[in-house]
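First to last, the protein sequences are chains A and B.
Note that numbering that gives the first Met the number 0 numbers the first sequence so that position 34 is 33, with each residue one more than the last.
Note that numbering that gives the first Met the number 0 numbers the second sequence so that position 25 is 24, with each residue one more than the last.
Just so you know, the hints here were simulated from the structure itself, not pulled from any lab data.
All C-beta atoms in this analysis are idealised placements derived from N, C-alpha and C, irrespective of residue type, glycine included.
Some hints could be false.
Unchecked claim - Here are the simulated lysine-lysine pairs, DSS-like style, with alpha carbons at most 30 Å apart:
id	chain 1	residue 1	chain 2	residue 2
1	B	Lys-94	B	Lys-41
2	B	Lys-41	A	Lys-74
3	B	Lys-66	B	Lys-41
4	A	Lys-74	B	Lys-94
Claimed, not checked - Here chain B is said to cover these stretches of chain A; the calculated rule only asks that three of the stretch's residues, wherever they fall, bring their Cβ under 8 Å from a Cβ of chain B:
id	segment
5	0 to 11
6	14 to 28
7	33 to 39
8	43 to 49
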Amino acid sequence: MMILIYLLLITAILSSYRLFVGPTIQNRIVALSSISIIFIVILAIYSIQYNNMFFLDVSIAFLLLDFIGVIAFTKYLGKEDKK
Amino acid sequence: MNIILEYISFFIMSIGCIVMLFAALGLYRFPDIYMRLHSSSKVNTGGAMTILLGLILRSGINTLSVKILILIILIFILTPVLSHAIARSAHLQGKTPIVPFTSHPKKEYEYDPEFLREE
């Protein structure tokens with residue numbers, strides 16, 4: 000069970016390379032959304048392992064917050080071309 | 000019976016973890032934003048849903064498993080919407096994909112002999 004969490008952390012580190020040195024801003028948004036999904040899965044695994052319901056509420060709220068943030072960023076970025 | 004179910008759930012969750020690692024590898028290696036979206040968004044959605052299904056098999060029927068089911072449905076709905084919005088914003092800013100013979104409404108596409116150029 001902990002092996003999966005370590006493997007997911009390696010995945011998050013590998014995709015955070017694109018977050019730091021991505022050429023454009025869309026690459027950074029893709030990497031940030033991918034890291035947030037990995038974080039949600041890690042929270043779900045923790046909540047099953049320790050039999051605690053609190054982490055699942057945190058993960059659902061984090062998913063909705065990530066959705067609102069990315070939608071706001073992309074609406075702001077797509078508006079620039081219509082001048 | 001319980002131990003067999005636990006082994007099956009661990010197998011399913013390890014499959015999901017390997018799939019998510021391949022998604023991160025594609026995000027690291029591909030040259031274009033559209034290819035990175037194609038690698039990242041669909042594969043991440045499938046891997047996360049697979050890991051959460053394994054967690055449902057492990058925990059049995061609980062209030063925990065109902066909340067994980069809500070999480071699966073939310074991921075299944077929201078993550079393709081995110082990838083579509085990111086691709087739409089990149090398209091509205093006028094970024095052409097690297098792959099030849101694709102149409103763009105604002106620019107005429109010119110065939111590039113250097114296929115793998117950086118942005």
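Against the structure, the hints come out as follows:
| no. | hint | verdict |
| --- | --- | --- |
| 1 | B/Lys-94 <-> B/Lys-41 | holds, 21 Å |
| 2 | B/Lys-41 <-> A/Lys-74 | holds, 21 Å |
| 3 | B/Lys-66 <-> B/Lys-41 | holds, 22 Å |
| 4 | A/Lys-74 <-> B/Lys-94 | holds, 16 Å |
| 5 | 0 to 11 | holds (count 7) |
| 6 | 14 to 28 | holds (count 8) |
| 7 | 33 to 39 | holds (count 4) |
| 8 | 43 to 49 | holds (count 4) |
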